[in-house]
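Taken in order, these protein sequences are the chains called A and B. This note's numbering puts the first residue of the first sequence at 357, with every later residue one more than the last. This note's numbering puts the first residue of the second sequence at 120, with every later residue one more than the last.
For the record, the hints were derived by calculation from the structure and aren't laboratory data. Incorrect hints may appear among the rest.
To give a feel for the contact side, a few chain A residues facing chain B, derived at Cβ under 7 Å [as the list claims (entries may be wrong)]:
| # | residue |
| --- | --- |
| 1 | A361 |
| 2 | A506 |
| 3 | Y660 |
| 4 | W716 |
| 5 | A718 |
Quick caveat: nothing in here was measured; it's all calculated off a predicted structure. No residue lacks a Cβ here, since even glycine has one placed at the ideal position from N, Cα and C.
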Amino acid sequence: MTLIADRPGPGTARPYRFPPVVRRSVAGGEVVAAHLPGQNLAVAMLLLDAGAGREPVGREGLGGVLAKALEEGTSQRDATAYALAIEALGTELVTGLDWDTFQASVQVPVGRLGAAVELLAEAVRTPRLDPDDVRRVRDDEVTALRMDWANPGPRAEAALRADLFGAGNRWGRPMYGDPDSVAGLDVEDVNVFHSEWFIRPGTLVVAGDLDRLDLDALAATAFTGTGGGPVDRGEPIEVPTRGGRRIILVDRPGSVQSTLRLGHPGPHRAHPDHVPVALAGTVLGGAFTSRLNHLIREVRGYTYGIRGDFGSSRRFGRFAVSSNVQTAVTAPALVEAVGEIARTQAGGVTEDELAVARSWRAGQLSVELQSPRAIAGALSTLVVHDLPDDYHARLREELLGAQVTQVSAAATTHLRPDSLTLVVEGDAAVIRDELVATGLGELIDHPPRV
Amino acid sequence: MPDSGYPWPISTTRLDNGLRVVVSEDRTAPAVAVNLWYDVGSRHEPAGQTGFAHLFEHLMFEGSTHVAKTEHMKLVQGAGGSLNATTNPDRTNYFETVPAEHLELALWLEADRMGGLVPALTQETLDNQRDVVKNERRQRYENVPYGDAWLRLLPLLYPPGHPYHHATIGSMADLNAADLATFQAFHRTYYAPNNAVLTVVGDTTVDEVVSLADRYFGAIPPRPDIPPAPDGRVVPATGVPAEETVVTDVPAPRVYVAHRTYPFGTPGYDVMTVLATVLGSGRGSRLYQRLADGERIAQPDLVGAYGVDLAHAPAPLIATATARPSVTGEQVAAGLAQVVDELATVPVTAAELDRAKALLTTAWWRQMSTVDGRADALSRYATQFGDPAVVAERLPAWLAVTAGQITEAAAEVLGAGDRATLIYLPEGKQ
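Could you build the full structure based on these sequences and the hints that come with them?
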């Protein structure tokens, strides 16, 4: 048999292109659109400045309850009629929430986008919010969160967030709230949040064949009856760094794996080091070939996967590593993961590693930005972070031009292995003594043992 | 109504060694999707070797004759690509989407592991990936509430010896017993060019792909007499409902109702696809309207129904609901069974049918909106139906389904006498 031994080099690179971006101001709101000629599907996404960051402390989960309540009937029709009307177009109303925005979107064959945006606007702008429905939706959301919190992960995630940012701050509490915070919401909270944040026009993002779409008409539909201007979005938050490492142990009796959530505060999204920081994170924990995945999965076999990255929103950011490891190897997995973080902070990255990281991240800007849904997501990045139309092309150049010294310096500056919070959710009776014996830091039981 | 679900060109070429090469050119974006389907899945696994097809899939990323261990991932990601692989009862697929200038690299890598895996396979690699797969099993099936539902449903639906009786992830005991020689033989037996389809979709041409495919794959010898999986097309109805109740650490009672229907790709399964959407997709579906909204016994986020698109035996249709607080598992089971039973007695309305077809139309074009989605579909139709162009018929076939066909099919295969029911109950609350 003859296999070709020599690895082929690349052919001629095609020029990078992000779809043409169109911006308009219509009826008091902004439209940001991308032209996808020939595409059968189209996506419209309404972005509102109503993310989790807007929820009052103690009212976590408010946006999520409101999102569900939007579909419980509108000024025009009851819940069942609404569901049948929007699904007859081929879409559901998809809602999402992150720290910076609330999103509501529809995805339909292009000829139906106008009708779908009408229904989107109807739910977002004029929901019925009948008090009985709101209370029922809230109770269902409490149940849904209890279901979710029965999985490994959410409790560890909440413990990490509280330790990094302080449970007294909104950003130190879970993005979607927890069962108790949602149980404490009342109808008035939901009404106030809607009238404060869901009547402002916001931005309509459209991804589709613009030759077959009327942006002005879509915008008029989305912004009719809205009012109020943009509200100050706040400065980046100074997050104090705590000295010293600590282990927080969250008990999950009988667990056959331990869930790891390791992290410390990191730079916010607009920080000038954003690109080198992202590349340092990619080398350490982002790609399949990252240092962490290579050691913990491919060499040791401790896990199905481990990843780490710098995540950021407008006002704050964090470095975080997550994995599930077999219970019996919890302590060595933790020690080795911390070791890789420390090694990367101290020694930076190599050219060989950076070559993979920069090409991968740059290539993803073509490979992963194909569908209307993905393009709409990319447009929302422009909106939320005030970025220019050619942002993706510029980002690509910046990634490809990043140097080892720059990325290593970012690793040195922004990784803090000595002040990591190491949250371990697992079978405390089995792993507690081993965790203490690692000497990685003081062990704190969560909740405290009585 | 579109008369085609695939308005792009399709070209098929068969190399001398039997490898089918499917190309669909689309210059919209500077990317290409490379997708291989090998016609081997967990349905080929004999007793005592469950989980081997999937564990083998992992080994395919660990190096081959000219590709060092860990290099495969590094080269694809270092070219800017995304990559992965999946194994199911029917088949194993491998795929990467790369910027178009790296097409040749992707083909070289795929050829090297098709033709040259065995010399690179070591005990150390096997032991490492066995541990990884065991952790995959713990993470996805053992350590999450209800995670083992699929593992429990299959043996309720398919009798011992049936190729779908066991789950693709396999058993811990079999994974522990896996030896190197078995995997070497597995590759020699099934990873042959005449048992595979190579599809390339995107920014390239038919000539370029066929010429590169011939260059890199052309010298890999075919294998005669590839053993078929056991035939599972006929599963005798027992006439006796199968039921299992699991009392375990779950947060609420949950019920799954499952039936064997028709193989994917048949007219009967097209009817089932529309039926499943009527039954369980979206807030306008019967299950949502009846159990989540109407009687309010089920949690609204957790009701649904879906078919599992398997082609080599009557494929499963699964409906599920999870109890609201203070509702019992028995109530949910009764409610779920009643809504499924009514599919045979309460005709589907025109509005229900239109809603289902609209949702399916969007779902279809969503898969077709990326080069990787299209490549996977073409590989599937070439592998399972002998012709990738058959892909164009699926969406029109869904759109042609009538309410009468749904009623008839429900009466034929969703009868209570041939139903599998799996009930989870929280410990201490039964």
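Hint-by-hint comparison with the structure:
{"no.": "1", "hint": "A361", "result": "5 Å, holds"}
{"no.": "2", "hint": "A506", "result": "4 Å, holds"}
{"no.": "3", "hint": "Y660", "result": "4 Å, holds"}
{"no.": "4", "hint": "W716", "result": "4 Å, holds"}
{"no.": "5", "hint": "A718", "result": "6 Å, holds"}
Checked against the numbered hints given earlier, the structure satisfies every one of them.
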